[in-house]
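Chains as they are written, first to last, in my numbering: chain D, 126 to 384; chain H, 126 to 384.
The list makes no distinction among identical chains, and a pair is therefore deemed to hold if it is satisfied within one copy or across any two copies.
Below, in silico cross-link-like pairs of lysine-lysine (DSS-like), each with a Cα-Cα straight-line distance of 25 Å or less:
{"id": "1", "residue 1": "K198", "residue 2": "K281"}
{"id": "2", "residue 1": "K195", "residue 2": "K179"}
{"id": "3", "residue 1": "K281", "residue 2": "K195"}
{"id": "4", "residue 1": "K164", "residue 2": "K359"}
{"id": "5", "residue 1": "K337", "residue 2": "K327"}
{"id": "6", "residue 1": "K195", "residue 2": "K136"}
{"id": "7", "residue 1": "K377", "residue 2": "K179"}
{"id": "8", "residue 1": "K225", "residue 2": "K142"}
{"id": "9", "residue 1": "K165", "residue 2": "K359"}
{"id": "10", "residue 1": "K245", "residue 2": "K208"}
{"id": "11", "residue 1": "K281", "residue 2": "K327"}
{"id": "12", "residue 1": "K319", "residue 2": "K179"}
{"id": "13", "residue 1": "K323", "residue 2": "K337"}
{"id": "14", "residue 1": "K213", "residue 2": "K225"}
Calculated directly from the structure, the hints in this document are not laboratory data. Model, not experiment: these values are computed from the prediction.
Protein chains: 2
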Amino acid sequence: MNNLLAFEARKLIRDGKWQGPTCGMTLGFVQANLVILPKKYAYDFLLFSFRNPKPCPLLDVLDAGNPVPKIAKDGDIRTDIPKYRIYKNGTLFDEVTDIKEIWQDDFVSFLLGCSFTFEKALLENGIPVRHIEENKNVPMYITNIDTVPAGVFSGKMVVSMRPIPEKLVIRAVQVTSRFPAVHGAPVHIGDPVKIGIKNIEKPDFGDPVEIKENEVPVFWACGVTPQSVALSSKPDIMITHSPGHMFITDLKDEELAVL
Amino acid sequence: MNNLLAFEARKLIRDGKWQGPTCGMTLGFVQANLVILPKKYAYDFLLFSFRNPKPCPLLDVLDAGNPVPKIAKDGDIRTDIPKYRIYKNGTLFDEVTDIKEIWQDDFVSFLLGCSFTFEKALLENGIPVRHIEENKNVPMYITNIDTVPAGVFSGKMVVSMRPIPEKLVIRAVQVTSRFPAVHGAPVHIGDPVKIGIKNIEKPDFGDPVEIKENEVPVFWACGVTPQSVALSSKPDIMITHSPGHMFITDLKDEELAVL
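So here's chain D without its partners, still in its complex pose:
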C-alpha cells in the first residue's frame, strides 16, 4: 500500500477500499490537512492563515460549494479522505468516511501543508525523525506563543517537537527552511520552558518520544493550530480530516521547495 500515484490512492479511498492513515501511501506526493467551514467564517480563517503562515500554510482554498481542489484535478474533497471529523459548536459530533450527504453549497474547503513533506526531506538529509523510528505519532504541545488574531479566530500556537542531534541542528534548519508551504523553519530550538512547555514528557497531543544525550528538542509550528483555534471559536459546523488521514494532492514534495 505504498508507491501509489496520487490519483490511484484517491480512487482507492473514494471506493471505500482504504480507511486507514495515509502516511507512506504515495511516496513523493504532498499530503494536506483539511479544514471546511461555512462561507461566513471563510474571510476570518483566510486572514488568520495569511497572518500565521508557519502554523497555517495554505496550499489551496476552494470556492464555496466546490469540492474539486486545483491541486488534485480529478479529486473530490467529500470522498477522497479515509476519515473525517465533524464538529458542531466546537465539539466533536461524528467521525465518518464520506461527507457527501452533509455537503453544503456554502462550504469553503481549506487545504493546508502537513509535516510529512519536510520529514521526508529531513530523512533524505540523514537527519533522524524519532517518532517515525519509534512508530509513534509526533509529540505536540500548546505553547505560550500567541498567534496573530484575525476576526473571530485567536489563540496559542501548537508546535510539534523532533529531537535532533546537536551537530545536525543547523542542517535541520536549512532543510526545512526550503519548505515554507509545510511549516518551514523551526519556531524554537532548545529549552521547552522558554515557549511555555512545562513537561516535555507530557505532550498535549500525540505521543512522547525519547530525547537522547547530545540531542536538542527542535520545535516546528504545527497544523493542529488552525484546528484548535477554529474550534475554540465554536463555529456551528466545521469538518476536518481525522488525524493522520490526509488528503493526497497531485503536487510533488519538491515542487513546494522555494529554492
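The hints should help you fit chain H onto chain D, whose structure is shown.
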C-alpha cells in the same frame, strides 16, 4: 532626502513636507503598494492574492476600519503616503494627499510588496537595472497569462521587464528567488511574443528602455496586476497609492528574504 529611517519619512509625509515619489527616501526599508477596498470585496481580494502570490505578494492586511499597519506601528495608512488615487466604479475620480476625510469604517487596507526591494538586491549583485540607469519608470506590459480568478476578480497578468546581460540571467533568477514577498523569481525569460507581448518597445505602462546586444528581456510579475484586476470589476470605491508614491514600512529588505 534619503537615508531617513522609516518612521522619519512617514512623519515628513504625514506633515505635508514631502509629496513626491518615495524611491530612495529610506534605504533598506521595504516600500509597499496600497489597495483599499470596502469589506464586502475583501474576501475575494484576499483569495485572489493568495491564488496569485507572484503579482500580489501580500505584506499586511489591516482589519476593517483600522488605519495602523502591523508593519509600521506608529504609521497611519490615511496620511503617510504622499499621493493617493481614488477610483469610483472603476474610474479615476481624484488624486489627493490625505484620505482622512473620506475614510470609512468598512475600509480594508492591503499592503503588497513592490519591486524596489529586489532591484536593490539585483544592484548589490552587480546586475544592472536599466530603467534606473536611464532614470525612467520600469516598462510594464499586459500579457496573455491568465491570473487565477477569485470571486469577482479575474484578468491577465501585468509584468515588468528588465533587460539582463545573458551571462547574468541565472544570477538574476537566484537573487530574486530569495524574495517571494516582492514578486520573487521571474515569470518569463526571453521572447516577449511567447507571453503575448507584441511590441517590446511599446509598454502598456511606464517607459520603454534600451535592450542592448547580448541582453535578454526578463519579465517579473508586477504589482499593477491587482490594481488593474480590481478596477476591471468596477468596485464602487477603491483607493490606491499613486504610482511611485509608496507606503514605507518598518520592515528591512533582508527580512523578506526566504534564505
